[in-house]
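Protein chains in written order, with our numbering: chain A, 1 to 324; chain B, 1 to 324.
Wrong hints could be hidden among the right ones.
All copies of an identical chain are treated as equivalent in the list; a pair is satisfied when it fits inside any one copy or across any two copies.
Unchecked claim - Taking lysine-lysine pairs in the BS3-like style, the calculated list, with each CA pair at most 27 Å apart, reads: (1) Lys-208 - Lys-118; (2) Lys-170 - Lys-275; (3) Lys-79 - Lys-208; (4) Lys-145 - Lys-79; (5) Lys-118 - Lys-54; (6) Lys-199 - Lys-118; (7) Lys-54 - Lys-208; (8) Lys-227 - Lys-54; (9) Lys-2 - Lys-145; (10) Lys-145 - Lys-121; (11) Lys-199 - Lys-94; (12) Lys-121 - Lys-199; (13) Lys-2 - Lys-177; (14) Lys-199 - Lys-54; (15) Lys-145 - Lys-227; (16) Lys-227 - Lys-2; (17) Lys-94 - Lys-121; (18) Lys-199 - Lys-122; (19) Lys-199 - Lys-275; (20) Lys-208 - Lys-94; (21) Lys-208 - Lys-177.
Simulated from the structure, these hints should not be mistaken for laboratory data.
Number of protein chains: 2
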Amino acid sequence: MKPAIRVAVTGAAGNIGYALLWRLASGDCFGADQPIILQMLEITPALERLNGVKMELVDSAFPLLHDIVCTDDANVAFKDCSAIFLVGSRPRTKDMDRSDLVAANGPIFTGQGNAIEKSAKKDVKVVVVGNPCNTNALIAMNNAKGLDPRCFSAMTRLDQNRAHGQISEKLGVPVAKVSDVVIWGNHGDTMFPDASWAKVDGAAVTSKVDADWLTGAFEPTVATRGKAVIVARGASSAASAASSAVDHMRDWWQGSHGRMVSMAIPSQGWYGVPKGLIFSFPCICEGGDYRVVTDLEIDDRTREQIARNVAALSEERDAVANLL
Amino acid sequence: MKPAIRVAVTGAAGNIGYALLWRLASGDCFGADQPIILQMLEITPALERLNGVKMELVDSAFPLLHDIVCTDDANVAFKDCSAIFLVGSRPRTKDMDRSDLVAANGPIFTGQGNAIEKSAKKDVKVVVVGNPCNTNALIAMNNAKGLDPRCFSAMTRLDQNRAHGQISEKLGVPVAKVSDVVIWGNHGDTMFPDASWAKVDGAAVTSKVDADWLTGAFEPTVATRGKAVIVARGASSAASAASSAVDHMRDWWQGSHGRMVSMAIPSQGWYGVPKGLIFSFPCICEGGDYRVVTDLEIDDRTREQIARNVAALSEERDAVANLL
């Protein structure tokens, strides 16, 4: 059997963490032949609850789970890690303006960036799930300048999965037959789900649905899906967010088999997006790495949507400029 | 690809259900090449919340999840099912005596037994997770007399997993190297975790730990683990219960590869347990069926523990005699 790899999860006692840990321990992410050691980080007041989560992981007797670490010290959590899920964050709430948001998340992600640089493996794969995830990833990446920026990513896979789910329901086909929706930009208000390239059973989705459905139903449904889940379930998306984080990391780790998957990663200037912004692009994963699909011939509307996302993310970047 | 099978989960909007559904949809239970249709049952007031759970399942874009049904009608939920997880129940709370408990669970499991007989496949595999699970399974089985009693089981795998976890922690070895603890009897106060047959890396566990640890630490820790998780986590075991339900059904469905797994199933008189009681025995699963390991040479203490469980389960059976 392969040697165990170390995998860190922050905010591990929260609802997304709770949904994520069992998927990791079962082998869904790194493969059925890859043992893991889970290194879980929480804030100090949540350590007792985290210990309860550890007890339940022990009680699940996972053959692939070789050890479990609980800590409130990021350097312990990230020590020798090959993969890191940054789930814990302080999301924006109604009473917070931008400066509050930055004040709350800045110290978390500067500190975690430093600890990743100091303690994790040099080829670590980091996905930020905690919102605002693009800018949190930007902060972490810029506080780990000794690492390749390509170690850092943020999650827009939930948006892509939601988009594929909507097309599956609309056309009454299993979601496995739907592929290649592209999520552009920020996992936030300006996020653009682009079905121009999407396929169902090999045919263009745009040949199966009318354009009004795409702009009038599909796009707003995907954009507001998080709020709709809260209304129905009485709680925010947890298992679907965790599942998308598994998908993001699994494809990065094991390959996407030629499918386009959306990942927010540091731009190299693709599609006119300023270098260094953490921006969601279509990617193909292979050999433990991603490459951006750079040759899509995008139309004016998509160009405008990309520009809106560049504006929003540039503004966020400027607000945290002192942390970069 | 294989045709999809129908899998029902009751209490699907509850905490165990929420942890279970994603494990089923990801392929952890029925295999990576077996598509499923999830048929989720809830009480009428929980249907909106259940719809929120469905939204998140759609949003997870599982390739193996071919359809999702939400209903408050057991006949719809169990229609053509090959596997059923009976998770929803009314557990015993402090203010309830035995007659209250029976009054609360009787109608649930008589009705679900009837619906399973009427609507599910004739070779359906049913596992009852909702407590008191042995007697709930007894009620369901006796209200589905047109089916083979071997279709019905209750879950003691969580106890077995907890036992394996404790031995793994005690000896500092991965839990994959621990096997063959036997859970006897009732998933309740009298449950007996028997390490007499347990192995670690091929050697007898009893040769690695002293007898005092087994009786003074191991047995009480396994027996009271549920309460300890509640104290630490502030919530009852959910993900570990769901994970154990996956293990139970996966081994029944796909085989246990020669390992002994504990399942509560209708006794045929093995080890002196009266015929028809739903009692946990050591089983080996193969070819989609289980067989009880009937030739363990048990000692006097184990015989006493079995007798305690027979007494407890007989008393429960007598209390629900009018429902059988």
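Hints versus structure:
Taking the closest pair of Cα atoms, Lys-208 and Lys-118 never come within 27 Å of each other, the shortest separation being 51 Å inside a single copy and 40 Å across copies. In this assembly of identical chains, the alpha carbons of Lys-170 and Lys-275 never lie at most 27 Å apart, being 37 Å within a copy and 52 Å across copies at closest. Taking the closest pair of Cα atoms, Lys-79 and Lys-208 never come within 27 Å of each other, the shortest separation being 49 Å inside a single copy and 32 Å across copies. Within a single copy, Lys-145 and Lys-79 get their C-alpha atoms as close as 17 Å, which meets the 27 Å cut-off; across copies the closest is 57 Å, which misses it.
Taking identical chains as interchangeable, the C-alpha atoms of Lys-118 and Lys-54 lie at most 27 Å apart only when both belong to the same chain, with a minimum of 26 Å there against 42 Å between chains. In this assembly of identical chains, Lys-199 and Lys-118 lie within 27 Å of each other by CA distance neither inside one copy nor across copies; the values are 43 Å within and 41 Å between. In this assembly of identical chains, Lys-54 and Lys-208 lie within 27 Å of each other by CA distance solely across copies; the values are 25 Å between and 48 Å within a copy. Taking the closest pair of Cα atoms, Lys-227 and Lys-54 come within 27 Å of each other only across two copies (15 Å); inside a single copy the shortest separation is 31 Å, beyond that limit.
For a Cα distance limit of 27 Å, the shortest separation of Lys-2 from Lys-145 qualifies neither inside one copy, at 30 Å, nor across copies, at 49 Å. In the homo-oligomer, the alpha carbons of Lys-145 and Lys-121 lie at most 27 Å apart inside one protomer (14 Å), although the nearest pairing across protomers, at 59 Å, exceeds that limit. Proximity of Lys-199 to Lys-94 under the C-alpha cut-off of 27 Å is found in neither arrangement, the shortest distances being 38 Å within a copy and 56 Å between copies. Taking the shortest alpha-carbon separations for Lys-121 and Lys-199, neither the intra-copy value of 37 Å nor the inter-copy value of 36 Å comes in at or below 27 Å.
Taking identical chains as interchangeable, the C-alpha atoms of Lys-2 and Lys-177 lie at most 27 Å apart only when they sit on different chains, with a minimum of 15 Å there against 33 Å within one chain. Within a single copy, Lys-199 and Lys-54 get their C-alpha atoms only as close as 42 Å, which misses the 27 Å cut-off; across copies the closest is 24 Å, which meets it. Taking identical chains as interchangeable, the C-alpha atoms of Lys-145 and Lys-227 are never at most 27 Å apart, the minima being 36 Å within one chain and 46 Å between chains. Within a single copy, Lys-227 and Lys-2 get their C-alpha atoms no closer than 42 Å, and across copies no closer than 36 Å, so neither meets the 27 Å cut-off.
Neither within a single protomer nor between protomers do Lys-94 and Lys-121 lie at most 27 Å apart by alpha-carbon distance, with minima of 38 Å and 51 Å respectively. In this homomeric assembly, Lys-199 and Lys-122 never come within 27 Å of each other (Cα to Cα): the closest approach is 37 Å inside a single copy and 39 Å across copies. For a Cα distance limit of 27 Å, the shortest separation of Lys-199 from Lys-275 qualifies neither inside one copy, at 30 Å, nor across copies, at 57 Å. In the homo-oligomer, the alpha carbons of Lys-208 and Lys-94 never lie at most 27 Å apart, since the shortest distance is 39 Å inside one protomer and 57 Å across protomers.
Within a single copy, Lys-208 and Lys-177 get their C-alpha atoms as close as 13 Å, which meets the 27 Å cut-off; across copies the closest is 53 Å, which misses it.
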